[in-house]
Every structure is written in C-alpha cells, then in structure tokens.
Amino acid sequence: MSELKTETITVNMGPQHPSTHGVFRLILTLDGETVVDVEPVVGYLHRNHEKIGEYNNWIQNTPFTDRLDYISPMSNEFAYVLAVEKLAEIESPERANYIRIIMVELNRIVNHMVAVGFLLNELGCFFTPMFYAIRWRELVMDLYEMTAGSRMMPNYFWIGGVAADLPPRFLPECKELVAALPSFIDELERLITDSEIVQMRCKNVGILPPDVAVAYGCTGPLLRASGVPYDIRRAEPYSIYDRFDFDVVVGTVGDVYDRYLVRIVEMRQSVRILEQALRDLPEGETATPKKKKFTPPQGDVYHRIEAPKGELGFYLVSDGSDHPYRYKIRAPSFVNLQSLPYMCKGHKIADVVIVIGSIDLTMGEVDR
Amino acid sequence: MTTKETFEGLAAKFPQFDLGYLEGKDPAVLVKGENLVDLAQHLREEQDYDYCASITGVDYEDRFEVVYHLYSTTRKGGPVILKVHATRDNPEVPSVVSIWPGADWQEREVWDLMGIRFSGHPDLRRILMWEGFQGYPLRKDFPGMKDEYTFSQTSGDRENE
Numbered sequence: 001m002s003e004l005k006t007e008t009i010t011v012n013m014g015p016q017h018p019s020t021h022g023v024f025r026l027i028l029t030l031d032g033e034t035v036v037d038v039e040p041v042v043g044y045l046h047r048n049h050e051k052i053g054e055y056n057n058w059i060q061n062t063p064f065t066d067r068l069d070y071i072s073p074m075s076n077e078f079a080y081v082l083a084v085e086k087l088a089e090i091e092s093p094e095r096a097n098y099i100r101i102i103m104v105e106l107n108r109i110v111n112h113m114v115a116v117g118f119l120l121n122e123l124g125c126f127f128t129p130m131f132y133a134i135r136w137r138e139l140v141m142d143l144y145e146m147t148a149g150s151r152m153m154p155n156y157f158w159i160g161g162v163a164a165d166l167p168p169r170f171l172p173e174c175k176e177l178v179a180a181l182p183s184f185i186d187e188l189e190r191l192i193t194d195s196e197i198v199q200m201r202c203k204n205v206g207i208l209p210p211d212v213a214v215a216y217g218c219t220g221p222l223l224r225a226s227g228v229p230y231d232i233r234r235a236e237p238y239s240i241y242d243r244f245d246f247d248v249v250v251g252t253v254g255d256v257y258d259r260y261l262v263r264i265v266e267m268r269q270s271v272r273i274l275e276q277a278l279r280d281l282p283e284g285e286t287a288t289p290k291k292k293k294f295t296p297p298q299g300d301v302y303h304r305i306e307a308p309k310g311e312l313g314f315y316l317v318s319d320g321s322d323h324p325y326r327y328k329i330r331a332p333s334f335v336n337l338q339s340l341p342y343m344c345k346g347h348k349i350a351d352v353v354i355v356i357g358s359i360d361l362t363m364g365e366v367d368r
Numbered sequence: 001m002t003t004k005e006t007f008e009g010l011a012a013k014f015p016q017f018d019l020g021y022l023e024g025k026d027p028a029v030l031v032k033g034e035n036l037v038d039l040a041q042h043l044r045e046e047q048d049y050d051y052c053a054s055i056t057g058v059d060y061e062d063r064f065e066v067v068y069h070l071y072s073t074t075r076k077g078g079p080v081i082l083k084v085h086a087t088r089d090n091p092e093v094p095s096v097v098s099i100w101p102g103a104d105w106q107e108r109e110v111w112d113l114m115g116i117r118f119s120g121h122p123d124l125r126r127i128l129m130w131e132g133f134q135g136y137p138l139r140k141d142f143p144g145m146k147d148e149y150t151f152s153q154t155s156g157d158r159e160n161e
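So the protein lines, in turn, are chains C and W. Going by the numbering used here, the first sequence opens with residue 1, and the numbers climb by one from there. Going by the numbering used here, the second sequence opens with residue 1, and the numbers climb by one from there.
Bound-form chain C, shown alone (with noise of 0.2 Å):
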C-alpha cells in the first residue's frame, strides 16, 4: 500500500458566525479535524473608545463606558468611577459605596448566567438552558431599570456617588431575588453539572496550566479555574471589599468544565455578598454634591477592579482640563483571549466553539 499523505488546510471562521459571540474571526490550520494552529483576528467591532473618550469630558465617559462590555455595564462604570475618584481625591457615601456593591454583585451574577448559557448554546443545546439563565436575569434587570430608569445602558454611577436612591420597591424586591437566587443555581445545576453529554465534551477540554495562564495575564475565572487564587477583591481591596465574608474559588484542572464550575460557585459567593450588603446598608446620602464643570487636578492614575470577566483596569492621565488627556482601557477579555491558540491546539474544531464560550468574551470589550 502505498503511503498515507496527509496535508492540513487553512479554514475560516467568522467574522459572522453565531458561535463567535460577536463578529471574531479565527484563521484555524487544521489537519482533518483536528486543529494545529489558531489564529486570532481582532478589531471588526473597533471604534477607537479610547479616542472618543478623550473628546468627551470626564463625566460623559461614564454612559461610555456602558459600551464596553455590554453584559455588564455597572462593572465598567464602577471601575471607570473609582479611577476618576481616585485622581480627584473623592469619597463617595457609605450608602453610595453599599449600593454599588450591590448592583456589581448582582451584575456579576448576570454575567455567569449569560456565560454558562452561552456555553451550553456551544455544546449544542440550543437556547434551552440559555431561556433558564436569562428568565432570572429578567428579574435583575427589573432591578436596574426601577433605579437607573435601563436594563443595559443605566448610566446609574456617577463620580462621587450614584445618580439616585433606591426606590422604595428596590430593597423589598431585591431581598426577594437573593434569597430565591440560591435555588435557581441548584436547579440550573441539576440540569447540567451531572450531565454525562456536558462532562464528555467538556472535561479535559481546552486545559490551560496555572503557570501559562498567568504568563498570558489571564484574570477572572479564567485563571482561578487553572487552580490561581487570584481575586482583585482579595489581592488589593478596593471601594469596601474588604468588609464581606466571601471566598476565592478556584478550580483544579484549568478545563472548561473547572470555568463553568467556577462560574457556578461564583454565582453563590455573590449571593453570600449581597446578603451582606443588604443586610448593612446604612441610611444617608448617595452622592457627593455635584458641581457643573468636573476638572480633577494633574497626574495619572490606574485603577482595577475585579470585573465578572477579570481584571478591569482604566488609567488616566489628567491635564487639569475638563476631559482626559488619555483613556486606557485595560480590557479583560482581550488579554485573556490571547491564550486562546494555546487552549485549541490538539483538540477538534468542536472543541474550539467551546474552548471561545468558556472564555466568556464579548467582542465590545475586545476591540473597543
């Protein structure tokens, strides 16, 4: 028998391709089906965000920011707010600071349902699970919209505060919600955690070691799934992390299975949060006064904050002006999307569509 040749072959994927959270394009070198080379191609989505920003002034960058990673728009707007903060030397209130948290928290849960639907959309269960997550994060979304008057863009944190009280339905409501939240993860744990099908696709699949994971500078449950316990909100605490009870959860094999488990027990840890947070919330104001004309004074500063997604950091440089003379966004899923080839290589181009849901991306973040 004469032999065998095998060649591999160059196949693209994307930009318009639904398993793409976005439009995202990878240049696959497969040989068969197994993938031997992955090529990212970023920046369909790219707007220059940083260079709007720097026309905008410093108080129209906050809505901004909403733009970034649209899944979680408080995040983006409480790390952006505490860099502005930390430049202009402003104390936002102690009630301003708990209803932060509490918005971020439940931001964060929104953020793992969303990721763990998608996931299971990946492995080909389509919209099924992705109906259970998103039913509840309706419920969130209720929550933004009675406060910040929007679901997605709330514009809610302002710089030295937030825009506006609770309303008075908001706590009743919110206490509500967490307490029935515990139950909606056991239920969407039951119905995946021990499925055969989920745990055949993804144990073992898209393994990344705690050592490259911290090479590529992954962050958020990307690298605690690797087995880092590495968590903004312990490492350096920022607005009053560092008054709630919580742990650090990581993972053992760094696979997506460890990602989607993370995610689940995150979920949990948050919940944990924001029985803290509600529990203390203390009466008074939630803004600093307002002035008309916002111009912090000279310098540079960064600021991060531990995002559903990793770390999300904005520096600053201050002219004195009344815009910035640069804004940087240091995004988490663009950095973490690096490590991407080495996750895909060896495995099938199934296993790719999975190895791009557990990262959690979204493409607004990525390209800016």
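Please keep in mind that the hints were generated in silico from the structure rather than gathered at the bench. Every residue gets a Cβ at the ideal spot worked out from N, C-alpha and C, and that includes glycine. One or more of the hints may lead you astray.
[Unchecked claim] Listed next, the stretches of chain W that the computed footprint assigns to chain C, with coverage defined by at least 3 CB atoms under 8 Å from CB atoms of chain C:
no.	segment
1	22-28
2	46-54
3	64-74
4	101-108
[To be verified] Reference excerpt, derived from the structure (chain C facing chain W, CB under 7 Å, subset only):
no.	residue
5	Gly43
6	His46
7	Asn48
8	Val214
9	Ala215
10	Tyr216
11	Gly217
12	Tyr230
13	Ala235
14	Gly299
15	Val301
16	Tyr302
17	Gly313
18	Arg326
19	Arg330
20	Gln338
Chain W: place on chain C using the hints.
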C-alpha cells in the same frame, strides 16, 4: 512594599541604570529603554512580578511614554509602575514579550494606535485597525474629530461641540 522602597532596592542593585523616581498619585520608576528588559527580567525572576497587567502608550506631544503596570499573583500589594520615554521622531522601545508573553497583544495595540515600535516583538502587526491603514489614531496630531468637522453654534448660551 511601597513603590518608593521597591525603587530604592532597584536603584541600589542597578546603579548603572540611572533609574528615576516619579512622584504622583501612583509613583513610578523611570527607566531607560535600553535597560528595560534587564530590569523586567529581574522583577519577574527575583521579585515575583509575574503578571504584566497593562501596557499603555501616552503621547505627550514632545515625547512618547510607555507605562507598564506590574503585579504579583502570589503576593498582595500594589503595582510596580515602569515608565519608558521614547523620542517623537523615532519611537522605539524594547519588547517584553520574552518575559511576559501576555504583553504580545498589548504591545501590538500600542504599535497599532500609537505608532511606538517594539523592537524584538515576534509579530508586530496592526491588531485593531486593518492592514494598510495609514497613521496612528491615538496620536495627538492625528487628524479627525475636531479638526475635520465644523460644528455650528446652536441657540443657547454655551458652546456645543
């Protein structure tokens, strides 16, 4: 450990590098471009700064500045911030991809939008803009926005842009 202490330790260890200390809300260490890789190597190997969080290019009109925010995943504590200056006519800074592989895309982004070349980078191509695009949008002298469009005054007492 504060940045001041880190700086004093580094300055004592590498007197030949002539490091500078920059005061500010986030104090930083000013390092010359040719010494950056050696200093980064030392911070990575000896002081556990294993995580390069952010690389930023800033255009100060008379010079460029590249800012590195370094953290450790094993120790608590704030960043060590390194700042490197580059000249306006030939902006070039050595690449740190060999030390922190995660710097790859961030350096490409700085090259793409700010036009600072990273010597020794394995694959320095545009990342967010398309190939063949001319110019570097984040530079202050890039035409656009205010320069290209004329805005008309609306009725009212203040200027709208």
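Cross-check of the supplied hints:
By the rule of at least three residues with a Cβ nearer than 8 Å to a Cβ of chain C, the coverage given for the segment 22-28 of chain W holds, with 3 such residues. For the segment 46-54 of chain W, the stated coverage by chain C holds: 5 residues have a C-beta nearer than 8 Å to a C-beta of that chain, and at least 3 were required. Counting residues of the segment 64-74 of chain W whose C-beta lies closer than 8 Å to any C-beta of chain C gives 4; at least three are required, and the coverage claim holds. With 6 residues bearing a CB less than 8 Å from a CB of chain C, the segment 101-108 of chain W meets the requirement of three and the coverage assertion stands.
Interface hint at C:Gly43: satisfied, since its Cβ lies 4 Å from the closest Cβ of chain W, which is below the 7 Å cut-off. Taken as an interface hint, C:His46 checks out: its beta carbon lies about 4 Å from the nearest beta carbon of chain W, inside 7 Å. Because the beta carbon of C:Asn48 sits about 5 Å from the nearest beta carbon in chain W, less than 7 Å, this interface hint is met. About 5 Å separates the beta-carbon of C:Val214 from the nearest beta-carbon of chain W, less than 7 Å, and the hint is met.
Annotation: interface hint on C:Ala215 holds; nearest CB of chain W at approximately 5 Å, less than 7 Å. Interface hint status for C:Tyr216: upheld, as the beta-carbon distance to the closest one in chain W is roughly 4 Å, under 7 Å. Here the hint on C:Gly217 is kept, as its CB sits about 3 Å from the closest CB of chain W, short of 7 Å. For C:Tyr230, the interface hint holds, the least distance from its beta-carbon to any beta-carbon of chain W being 5 Å, beneath 7 Å.
Given hint, C:Ala235 at the interface with chain W, holds; its Cβ is 6 Å from that chain's nearest Cβ, closer than 7 Å. At about 5 Å, the closest approach between the beta carbon of C:Gly299 and any beta carbon in chain W falls short of 7 Å, and the interface hint on this residue holds. Hint status for C:Val301: holds, given a least beta-carbon distance of 5 Å to chain W, under 7 Å. The criterion of a C-beta within 7 Å of any C-beta in chain W is met by C:Tyr302, whose closest approach is roughly 5 Å, and the hint holds.
Restraint check, C:Gly313 versus chain W: the minimum CB separation of about 5 Å is within 7 Å; hint holds. Because the smallest distance between the Cβ of C:Arg326 and any Cβ of chain W comes to about 5 Å, under 7 Å, the interface hint for this residue holds. A distance limit of 7 Å between C-beta atoms decides the matter here; for C:Arg330 the minimum to chain W is near 4 Å, and the interface restraint holds. Interface hint status for C:Gln338: upheld, as the beta-carbon distance to the closest one in chain W is roughly 5 Å, under 7 Å.
In the structure shown, no violation is registered for any of the earlier numbered hints.
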